[in-house]
Amino acid sequence: MALANMLLLTSLAVLAGLTMTCCLCLERRQVRRTVDEYDRRLRSIAPYLGVAALFFLAKRGTHEQSVKLSKAIDWDITAELYAVEGEFVAHLQDIVPEATLEFFSVMYMFGFPFLLVTAPILYFALSSQRHLKELLIAYVFNYLIGAICYTLFIAYGPRNHLSTVDGLMYSFYPQTQDMTAAVSANTDVFPSLHTSLAVVVLLFAWRSRREYPRWLPISSFVAASVVFSTMYLGIHWLLDVVAGIVLGVGSVYAAERIVARAEGDDRVTAPGERDEGIASDASD
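Note that the sequence shown covers residues 0 to 283 in numbering that gives the first Met the number 0.
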């Protein structure tokens, strides 16, 4: 029951954030045009949606085997992570006011899925589907590398390894643990996918800042809060976050080139130089 309640609460929170963001970022003519061109746009992105769907189904279906393989490999890097950064997370919890706990818990639980869901909706509303295609591939790349790392490396977060670090969110809001346990193991730490995917969304927001100038500050605030929350709540090490940033940047770089090759376009431009306006008639 607790899991069902958390899923419902998360869905409502994400829907509320998505609705407010669309009201701020989308114009009426853009919405009307999206409705009129729905079939064409859906056909354009169908292969990328198919790849993403197949990957996530395969990932879900092989989760138990991945956990078993990880235990068989038994490569625990927790001590190495601690040896490099020490008590950073413990010190962070000491200096951040406890009054911020609820805010950062909300960002971790609801802000993260808000970013993942809102970005594709906004890019589907653009005449060109290039951003959306690249975003979907970047999502897949993140989870692919994450799945490989989580299989190869066993790593426990600061809250599980250090007596000086408190699992703040789980201590004050224990019902959230049911939901996080349903989607990941407590050794799924290095790298931080909350960080990498938040960085992906932020980079795409920067690239689409001409089309969606209001989306950039919204996504920047939420992404920064999500990244910080992963450490403050004792879930990830600083090194997990650094690795997540590298993965996020690398996945955007890779996605741009993969889509360019798939679309038969060898021209790769700098971030923000494409899709100059929402009224573009580009069909890719």
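If you are wondering where the hints come from, they were derived from the structure by calculation, not from laboratory data. Glycine residues also receive a C-beta, built at the ideal position from the N, C-alpha and C atoms. Any given hint might turn out to be false.
Stated by the list, open to error - The following label-pair restraints were derived from C-beta to C-beta distances:
#1 G263 - F102: 18 to 26 Å
#2 P112 - R28: 39 to 47 Å
#3 E101 - A45: 34 to 42 Å
#4 L53 - V116: 16 to 24 Å
Quiz item: Taking the beta carbons of P112 and R28, is their distance inside 39 to 47 Å?
Solution: 29 Å, violated
Practice problem: Evaluate the given range 18 to 26 Å for the C-beta pair formed by G263 and F102. | Solution: Distance hint for G263, F102 is violated at roughly 46 Å.
Quiz item: How does the Cβ-Cβ distance of L53 and V116 compare with 16 to 24 Å: does it lie in that range?
Solution: 20 Å, holds
Quiz item: At the C-beta level, are E101 and A45 separated by a distance inside 34 to 42 Å?
Solution: 41 Å, holds
Violated hints, listed in ascending order, are 1, 2; each of the other numbered hints is respected by the structure.
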